[in-house]
Each structure stands twice: as structure tokens, then as C-alpha cells.
Amino acid sequence: MNTSSADGTSDEIMIKGKLKLIDELGLPWEVHFQDDVYGDNDITTPSGTAHGEGTRPDWDWIERQVDLGQDVEIGITWLDSAGNPKGGHWVTLEGKIDFGEGARGFWYRHDTEQDSTGGTDSSHFSWVTMRPDSFLVLENEPSNYIDIVVAESPIVGDFIPGDANGDGFLLASDVTYLVRYPKGINPPPDPLLAGDANGDCQVIGSHVTFMVRYFKGLGPAPHAGNCR
Amino acid sequence: MILNIYSPPHMTSAILSGPTSIQRGAPYDPGDGMVQIETEIVSMNLTGFSDMGMMTASTIPMPQSLGLIKQQASGNDYPAESFFDIFYRIELPSVGFQGEAKFPTHHESTINQIPPYGSIYVTNPLQPVPLFDPLNPTDPPIGELIVQFIRVGQPPAPPIEIEIIQLDLQGAGMPILQNSTLGRVQLTMTPPESLKYVNIVADSAGSGVPKWIAQNLPIIPYYLDSIPHCFKTIFDFATIGAVQGIPVSAINIEATLSDIPLTAMPSPMSWTTYAVGDGLYSAEGRPGGPYVFSGGIGDMTLLDFTIPYPIRVECRPGMPNVEAGTNECAPAAAANSFAWLASGEGFSGMPQSRRFSTALKTPAI
Chain V
1 MNTSSADGTS
11 DEIMIKGKLK
21 LIDELGLPWE
31 VHFQDDVYGD
41 NDITTPSGTA
51 HGEGTRPDWD
61 WIERQVDLGQ
71 DVEIGITWLD
81 SAGNPKGGHW
91 VTLEGKIDFG
101 EGARGFWYRH
111 DTEQDSTGGT
121 DSSHFSWVTM
131 RPDSFLVLEN
141 EPSNYIDIVV
151 AESPIVGDFI
161 PGDANGDGFL
171 LASDVTYLVR
181 YPKGINPPPD
191 PLLAGDANGD
201 CQVIGSHVTF
211 MVRYFKGLGP
221 APHAGNCR
Chain R
1001 MILNIYSPPH
1011 MTSAILSGPT
1021 SIQRGAPYDP
1031 GDGMVQIETE
1041 IVSMNLTGFS
1051 DMGMMTASTI
1061 PMPQSLGLIK
1071 QQASGNDYPA
1081 ESFFDIFYRI
1091 ELPSVGFQGE
1101 AKFPTHHEST
1111 INQIPPYGSI
1121 YVTNPLQPVP
1131 LFDPLNPTDP
1141 PIGELIVQFI
1151 RVGQPPAPPI
1161 EIEIIQLDLQ
1171 GAGMPILQNS
1181 TLGRVQLTMT
1191 PPESLKYVNI
1201 VADSAGSGVP
1211 KWIAQNLPII
1221 PYYLDSIPHC
1231 FKTIFDFATI
1241 GAVQGIPVSA
1251 INIEATLSDI
1261 PLTAMPSPMS
1271 WTTYAVGDGL
1281 YSAEGRPGGP
1291 YVFSGGIGDM
1301 TLLDFTIPYP
1311 IRVECRPGMP
1321 NVEAGTNECA
1331 PAAAANSFAW
1341 LASGEGFSGM
1351 PQSRRFSTAL
1361 KTPAI
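As they're listed, the protein sequences go chains V and R.
Per my numbering, the first sequence runs over residues 1 to 228.
Per my numbering, the second sequence runs over residues 1001 to 1365.
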């Protein structure tokens, strides 16, 4: 990433650095982002392409990445006392809580104790609001707004929606697999979206009901959603 | 408990939790040499939130919801087989839904202690149970219920550990601004059985006037992350009288743990004095700095915690945290993410996180 101890890492170089390392390590991952500068424009290097998916990092996009099991990094721009941008910071998303429009929050890994010998810090929590210009704000941090989010996702090949255990067939054993997954007895479906029976891009408990109803002949067949 | 409700055309699911009381009979040998204990659920009050609002689960008075604990082998109390046949009553108050089961749902588990803390009771067979309107019980069913499983909660969690810090602020390469008007709360606690909220109110400058310094901080329940939580959040120390450059040695606070978000301060106040520690806040790594940190903590009173609301919580236990030097937040964040994603994908070729972070700092193009 060509990180400088004097000036850090630019967003473009960060994304290009990720593409390079993904390529060097042969990881089956793709990079996508929302950024106020690049918007819907991709960033392409000889190592690969990162896909631009919007000019404003928005809650729904971030939430969908989390629900799909993707990693997410959040870029914060600090604001000085006059409200002008003044550098920024990256944090790693650890979790989210969503009460709907009223209150939303993030847990994140946040190194707030940087020094020349390195430092770490534990998890932080902040409530998240939205400015009138649609930028998200971490309210429990000094003046800021979120201007870029980046996520990596495994490249998903063909799969059968509802085939949670990946055996290539839609059977009652897929229901059992989906029941055992949240208990930690089974690993997540591979790919995770194979457990998305009703196409809502989530893998949650109601899909068990959807599958049971399908096998009883009372409901529609599992189907894929448009999850990107 | 995780359950699904289907009431045409609606389908919803929820994770419910709450207290359940079990009455156990005296152990006895029914004649096969293996001691057993008859059990009965005498009260159940589980609550949670679905996309149709708050949901509750309880048992109907009759028939009774009975169970049994039985040794697997004579002379050995554990492991033991345990089951419950539960006649559920489900309510979704916000949509006026009430449903009662005429048939029990059978849950079974192999347990290693009584109470069987942490045990999972699976539903067997896993099939829908019809729900009937309790006001018109002879009408056709009004919905179906599938209870996926029940997990027995943990023992009561120990108290929350709270640490209050007055932050020193530092932009990269800049002098440290000592004793700022930003504060930090650090919470450490064993995960509770269900989602709970920590509220901390401070005595403003010893005046007796209460001010929020943390409102409704959510504590992730153990079924999402079982390891003790430690997390921090920043607050505006100036609102309780801190002055830039002046160290604060102690403050009076009241901390409460609630089952639902609070919309008003708890009262009456019962202050506890906490020593205030010293900590550093230095967080940069994108061009345009150094940043002279100042205030700007948001006004949390503008958040709306009124219910009903569908709460969605997601967390990622075990997220790595690599060391980062000055202005190294970008490679550190990327290394954390890559290592986490690689572990979930079972990718074995990932460098160790520190080497990874170093690789990420090198020129990219």
C-alpha cells in the first residue's frame, strides 16, 4: 500500500494494495466499495478490478455485506473545528445493531493508540446517524463522516438455492443443516447464499419454515435473490 | 429459543429469551435400574423481536408441559437424557396475534448437569405445530409454529466492570494535548443471556445534575458471542464539567443494565465514585492530517429508542487486531479483515497477521 508514516495511505492505494495482495496470494475474492470520489467507477490494476457501487457509503449496503459474511472496512474523514476535512482513519467492522431508523450502531476494531512502536486497541462502539447530505457519521467519535467503505467477498460460483449442505440436491437434510448451522453444529453453507432459500439475501431462521413448507408442498421452491 | 411463525400470508422468525422455571420431582428408579426425575415447566416468559414487532412465548396452563431426566447408565448421573413436551402460547401484540398449540413440541437433549446450563434441546421431530385462536379454539388453525431449538441459559452474569478514562489527544507527529474534554468508557462483562443495555449517568461537576455519558450501549448476548466482552465508547467529558488541560481525578456515576433501551434517566440516582484514568487517542492514516482532535461527539438524545422496533444484531467473534504504528490504520484494517475472512473461508495460505500487515504496507503497484 506504500504506507507512509508521515501521511498514511490514500484510499486508491489501499484498494490497489488489496487487489495486489489478493492476486499474489491467489485468494478467490473480489473487492467492492462505495466511495464519494469514485462512485460507480471501478478501480482496475493489472492485479484485478475493484467494483465501485455508489457515491455514498450507505447503511443498507454495509448491512448486506455483513449479512453475507463479507469483511468490511470503514474509512472515516475527520473534521476540524471549522468543519473542514482533515485527514482520516480506517476501522474494521466487527458488528452492527439496527433498531430501524431510530438508532443504529457499529462495533469496530479501532486502533486509537498509534505510536511509533505500534499499538492495538479493543473493540469500540458508536451510534451511527446520517447527515443531511446522506453521509453516515460515527457519533461516538470526534467530528467525522464516513466517506468510503470497502468489502471483500468470496467469488461465488454456481449453487442451488436452498442446498445448504452443498450435496447438489434439495432434500430434507438441507433443512436439518440449516437448523444446525446457527447452533454452531454445522459450518455455514458454502457459499453462504446457498442457505438463502427465499432470495432475501439473508440466512436466517425463517428460511427453515420456507424450506419445510416447500417440502410439504405448501410453498414455492427455493430461489436465488439479487444479492449484489 | 429460535422459532418461526407462519400465519398466512405472513411468516416471521425470532430469537426469544427469558426466564423459565422448572419444577423437579424426587429422583426414583422406575424399575429398570436407571434413576429418573420428572419435570414440569411451571412458568415461561420468553420475549424477542421479530420483523412483526415484539414476540412472546409462554406455556398454556393445561395440558401441562412435562418432561423427564433419566440416567443413560445405571449408577451414573451423567450424561443423562432429558426432554420436554411443551404446549406453547405465542403472541405478537403489535399485530394482535395470539396462538395456542393443542399439541406439544418435543425437545430433547443429553445433559451433563442440573440445571443443564448451556445445553441445547433440539426439536424432534422438526415439524410445524398448528396454532389455534384461544378465543375460538374450535376454529381452523390460524398459523403454524416451528421451534428450531432451545438453549438453556448461562448462570447469572457477574457485574459489569467499568473504567473511565480522560483522553490525551495526539495527531500524527504533533505534541500530545493532555487532559482533553473527550472521555472514554470501557466496559467488560460476561455476555448476558439476552441482548441488554448499559446506561451510565454522571454527576455533572459534582452538582448533582445527572448527564448521560453512555445511553443504551448494547451488550451482545452469549448466543452470538460467548467470550467476555470488552469494548469502549467515547463521550463528551465537557458535558459533565471537564475543562481542557485540567485532569479529572474522579467522577460520580450510576450504571444500570436494562432489558430494553431506556428513554429516560433512571431515578433516583445512586452515585458511585470512580477514579478517572489516563489514555491516549491517536487515530490517523489517511492523507490530509495531522488532525488536531477536538470535540464533536454527537448528541445521543436525538436517537430514538422507542419500541416496538425490529432489532437486528450481528457480530463477528474473534475479529483479529494487528498492531499498527503511526498512520498505519489502512494496512491494519485490511489485515484484520483479510485474516478474519480467510479464517471463515478455511483458507490456509494466509500469512500470519503481523507479516500480513507488513506486506500490506509495501508499495502496491
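Everything labelled a hint here was simulated from the structure, so no lab data went into it.
What you are looking at is a predicted structure, and each value in this text was computed from that prediction instead of being measured.
C-beta: ideal position from N, C-alpha, C; glycine also.
Be aware that one or more of the hints could be misleading.
[What the hints assert, rightly or not] Quick list of simulated restraints, FRET-style, between CB atoms:
1) V37/V to P1140/R: 35 to 43 Å
2) A1250/R to G39/V: 45 to 53 Å
3) V1209/R to V37/V: 21 to 29 Å
4) S1043/R to G26/V: 33 to 41 Å
[Unchecked claim] A few chain R residues facing chain V, derived, Cβ under 8 Å:
5) Y1028
6) K1102
7) F1103
8) Y1197
9) G1206
10) S1294
11) R1312
12) A1332
Interface restraint verdict for A1332/R against chain V (beta-carbon cut-off 8 Å): holds, 6 Å
Closest C-beta approach of K1102/R to chain V relative to 8 Å, hint status: violated, 19 Å
Status of the G1206/R interface restraint (C-beta, 8 Å, chain V): violated, 25 Å
Interface hint outcome for Y1197/R [beta carbon to chain V under 8 Å]: The hint is violated - Y1197/R has no Cβ within 8 Å of chain V, the shortest such distance being about 10 Å.
Status of the hint placing S1294/R at chain V (closest C-beta pair under 8 Å): holds, 5 Å
Distance restraint evaluation - A1250/R, G39/V, Cβ atoms, bounds 45 to 53 Å: holds, 50 Å
Status of the given 21 to 29 Å range, CB of V37/V versus CB of V1209/R: violated, 45 Å
When the least beta-carbon distance from R1312/R to chain V is tested against 8 Å, hint result: holds, 4 Å
When the least beta-carbon distance from Y1028/R to chain V is tested against 8 Å, hint result: At about 32 Å, which exceeds the 8 Å cut-off, the nearest Cβ of chain V leaves the hint on Y1028/R violated.
Hint check for P1140/R and V37/V - Cβ pair distance inside 35 to 43 Å: The hint (35 to 43 Å, Cβ to Cβ) is violated, given that V37/V and P1140/R are roughly 59 Å apart.
Agreement of hint F1103/R with chain V interface, Cβ distance less than 8 Å: Because about 16 Å separates F1103/R from the closest Cβ in chain V, which is outside the 8 Å limit, the hint is violated.
Satisfaction of the hinted span 33 to 41 Å by the C-beta atoms belonging to S1043/R and G26/V: 57 Å Cβ-Cβ, so the 33 to 41 Å window is violated.
Hints 1, 3, 4, 5, 6, 7, 8 and 9 from the list above are not met by this structure, while the remaining hints are.
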